[in-house]
Each structure stands twice: as structure tokens, then as C-alpha cells.
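Visitor: One letter stands for each residue in the lines below.
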Amino acid sequence: EAGVTQFPSHSVIEKGQTVTLRCDPISGHDNLYWYRRVMGKEIKFLLHFVKESKQDESGMPNNRFLAERTGGTYSTLKVQPAELEDSGVYFCASSRIYLDTQYFGPGTRLTVL
Amino acid sequence: AQKITQTQPGMFVQEKEAVTLDCTYDTSDQSYGLFWYKQPSSGEMIFLIYQGSYDEQNATEGRYSLNFQKARKSANLVISASQLGDSAMYFCAMREGGGTSYGKLTFGQGTILTVHP
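Quick mapping for you: the protein sequence lines, in order, are chains A and B. Basically this note's numbering = 1-based index in the first sequence + 76. Each step along the second sequence adds one to the number in this note's numbering, with nothing skipped, and position 61 is 57.
Just chain B, same shape as in the assembly (with noise of 0.2 Å):
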């Protein structure tokens, strides 16, 4: 079974430093996607980033990357620069690629970020 594991229930970073948000997921399957998202607490769930088991790279969206270290399954969100209105809680999950799972995703704990002036 899949599993994604947040161990950060909250993080605080001071404003214009950078923070990461840890994940580690467990599977069996060597092709699936992960994905980050953030949820302020208006509550809408905004994509952020996407990492496929085969890219090489790590993924890059403006400020936020994604730390991907396959061996140790590990796909770790750092955010450059933090901003005010970065604060929000921020959920990393995994989709497997193929099988009977049809995409379904599978989240973690979620991470409370606070971003201080």
C-alpha cells in the first residue's frame, strides 16, 4: 500500500528565507508521479509541482522546488524567498502510474507553514 508521510505538523520561516517541507512516500511501484499543494485557509487546494519517478531533474515552478531523491524516497518541497502569503498548509502527495488505481492520489499529513515578517 501506498503511504506518504509528513513529519512536520508545522513549520515557521522568517520572511525572504528559504524553508523545506519534508515528505518521504513508500511504493512498490517504480513509476509514479508526486505532487504538492498548498491549502490557505480560504481552502482552496492549489497545485504547485509535479515530480514523475523517471524525470532526472528536479522540478522547478518559479520559487518552489522539489528536492527528489528517488534511493531515498524523498520528494521534498523548498521554497525560495518566502512570502507572506506563503503561509498556508501544504500537502504532498503520490499517484502511482498505472494500474487499477486510475490516478487516485494518496496525501499526506499535511505541513502548517508560517511565514514571519
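This is chain A alone, in the form it adopts within the complex (with noise of 0.2 Å):
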């Protein structure tokens, strides 16, 4: 079974510019997840998708940000226009059912310049 995948693994953009990060959950999951680490802080829930809708999206740090899950499977994550504060890495996690363990994509280093 694969597991979570994210692309691309590192992605450095200028200030201003568009990036889309992409989620492949693990086949079957319904429950997506978005995560973020900044730099020396504690990695932060974004969102929840449940098949195609947004479940939860009270971590999403404000409307540069936007997260798709087109057909409830893999996901995009838009950040336009990108800020230096966007810097970090974004994790992808899916679970099944929400009670069950998420699995982690290994994440996408964003590096804003």
C-alpha cells in the first residue's frame, strides 16, 4: 500500500510569487489533514478535508492561503501571494475514519525569499 505522498519536496519562491504544494493521501482515506512546521515552533494543524469538504479549517492562517480536494483525493494547498512568514515545512497526514491513526507524508519544505 503506498503511503502519503507530497510534492514537491522543496519549493523556494521569491516574495509575492504563487506556489501549490500537492497531497496524495493513502488510497481509501477520507480524512485529509494539512500540518505546518515554522521554524522552532510546534507543527500546527491547518485543515481537515472529509472526502471533498472542509471539515475544519480554523488553522488556516489567513486567505493567501487556499486548500482544494478536488474529487475527494489528493489536495492542493495555494499559498498567493507568499510571505516570508510562510517559510516552513507542510505536512500531508490521512486517516481513514478521524479517530483512526494519521499517516504523514514526508512534507514539503517552503522556503520564501
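These are calculated hints, taken from the structure and not from any lab test. Some clues are possibly wrong.
Stated by the list, open to error - Derived coverage of chain A by chain B (criterion: at least 3 residues anywhere in the stretch with Cβ under 8 Å from a Cβ of chain B; other residues may be distant): (1) 119 to 129; (2) 163 to 171.
What the hints assert, rightly or not - Residues from chain A that keep clear of chain B, each with C-beta distances beyond 10 Å, as calculated: (3) Pro84; (4) Ser87; (5) Lys91; (6) Arg98; (7) Asn107; (8) Tyr109; (9) Met115; (10) Asn139; (11) Phe141; (12) Ala143; (13) Lys154.
By construction, the Cβ of each residue, glycine as well, lies at the ideal position given by its N, Cα and C atoms.
Assembly of the complex is requested from the two constituent chains, each provided in isolation within its own frame, with the hints serving as guidance.
Guide: Set out below in C-alpha cells:
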């Protein structure tokens, strides 16, 4: 069974540019979560999808962040325009039901210059 | 609000010895779950072990065990017979059982474990 995959593994962009991160969850996992770890801080929850619906987006920092999950499969997280403080590692995780263990992808390291 | 505290920024252990990584939590919920994840230098987050708040037995998974002390609100990870490959960052995390959280995890700051040969 393939694990959670994320693309790209690393992205370097300039302030003001747009970046789109992609996450492919484990097949059959309806629940998909995005988290972020900013340098030196804890890993923080961003949002949660159940299939294609946003269940909880209370952790999204501001309206520069837009997440989608087309057809309940893969998800994208777009940052537009990117700011310096958006730099960090963005993790995606998935679970079959929300009370199950979440399995994480390898993360995308975003660097905004 | 939930909170997870890992008070050890870094820990050192000799190969083949046991080590305990501390984690305390704060929640008013009766139903919750506690997790430990390992993050090696390659960056991926690897699930290690889970303990439910109603589980009476401490969870074990191979060389990993979770010392769950509910009254003290602690969920320490014990790694027995440390190996060089155990060198990594370790995160403790908590999930509320229900309500509106729908499974989102709250993480501690992490502990960097270094295993010496």
C-alpha cells in the first residue's frame, strides 16, 4: 500500500509569488489533514478535509492560503501571494476515519525569499 | 485549549540502553488519544505508537512502549535497547475524541534524541 505522497519536496520562491503544494493521501482514506511547522515552532494544524468537504479550517492563517480537494482524492494547498513568514515545512496526513491514526507524508519544505 | 509539553529539547543515550522521552498534556476532555511520531533527518513523520485515554494497559509496539499515567497527564515514550537508527526528532501529539476537533492533532515541541555508539 502506497503511503502519503507530497509534491514538491522542496520549493524556493520569492516573496509575492504563488506556490501550490500537492498531497496524495493513502488510497481509501477519506480524511486528509494539512499541518505546518514553522522554524523552531510546533507543528500546527491547518485544515481537515473529509472527502472533498472542508471539515475544519480553523488553523488556516489567512486568506492567502487556499486548500482544495478535488473529487475527494488528492489535495492542493495554494499560497498566494507568499510572504516570508510562510516558510516552513508543510505536512499532509491522512486517515481512514477521523479517529484513526493519521499517517503523514514526507512534507514539503517551502522557502520564501 | 489543549496543550502538549515536551520539556526535553535534546536527549542523549548510549546504544543498547533504554531512554524515556517525556510528554505531558492538558485537556479537559475525557476521551482523547495520544500519539508519538518519529522524524528522522530525512524529514518524514513516522507513526510509532498510540494510547487511548480509556485504554487500561500501556501501549507497546516492539521496542517502543508508552508509559501512560492518566492522573498525572503524562504519556512518556520509552525506547528500549536504543539503536543508532533511533536518532531523530520525536513528537508527542494529542487528539480530542470528538466534538468539533474531528481528529486534528496538537503537537509538542519535539525532543531530539541522539544515540551514541
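Visitor: Next, verify each hint and record whether it holds.
Guide: Taking the hints in turn, this is what the structure says about them:
Residue count for the segment 119 to 129 of chain A with a Cβ under 8 Å from a Cβ of chain B: 5. That meets the three needed, and the coverage hint holds. Given as covered by chain B, the segment 163 to 171 of chain A passes the check, having 4 residues with a CB less than 8 Å from a CB of that chain where 3 are the minimum. Consistency note on Pro84 of chain A: stated as away from chain B, and its beta-carbon is indeed over 10 Å from all of that chain's, at 13 Å minimum. In this structure Ser87 of chain A is separated from chain B by more than 10 Å, as the shortest Cβ-Cβ distance comes to about 14 Å.
Its beta-carbon lying about 24 Å from the closest one in chain B, Lys91 of chain A satisfies the requirement of being farther than 10 Å from that chain. Taking the minimum C-beta to C-beta distance to chain B, about 16 Å, the non-interface status of Arg98 of chain A holds against the 10 Å cut. Non-interface call for Asn107 of chain A relative to chain B: violated, since the shortest CB-CB distance, roughly 6 Å, does not exceed 10 Å. For Tyr109 of chain A, the non-interface assignment is contradicted: its Cβ lies about 7 Å from the closest Cβ of chain B, within the 10 Å cut-off.
The claim that Met115 of chain A lies off the interface holds: its Cβ sits roughly 12 Å from the closest Cβ of chain B, which is beyond the 10 Å cut-off. Separation of Asn139 of chain A from chain B is adequate, the least Cβ-Cβ distance of about 20 Å exceeding the 10 Å criterion. Once the 10 Å rule is applied to beta carbons, Phe141 of chain A is consistent with being away from chain B; the minimum gap is 16 Å. Every Cβ of chain B is farther than 10 Å from the Cβ of Ala143 of chain A; the closest lies at roughly 14 Å, confirming the non-interface assignment.
The non-interface label for Lys154 of chain A is consistent with chain B: the shortest C-beta to C-beta separation is roughly 21 Å, beyond 10 Å.
Comparing the model with each numbered hint stated earlier shows that hints 7 and 8 do not hold.
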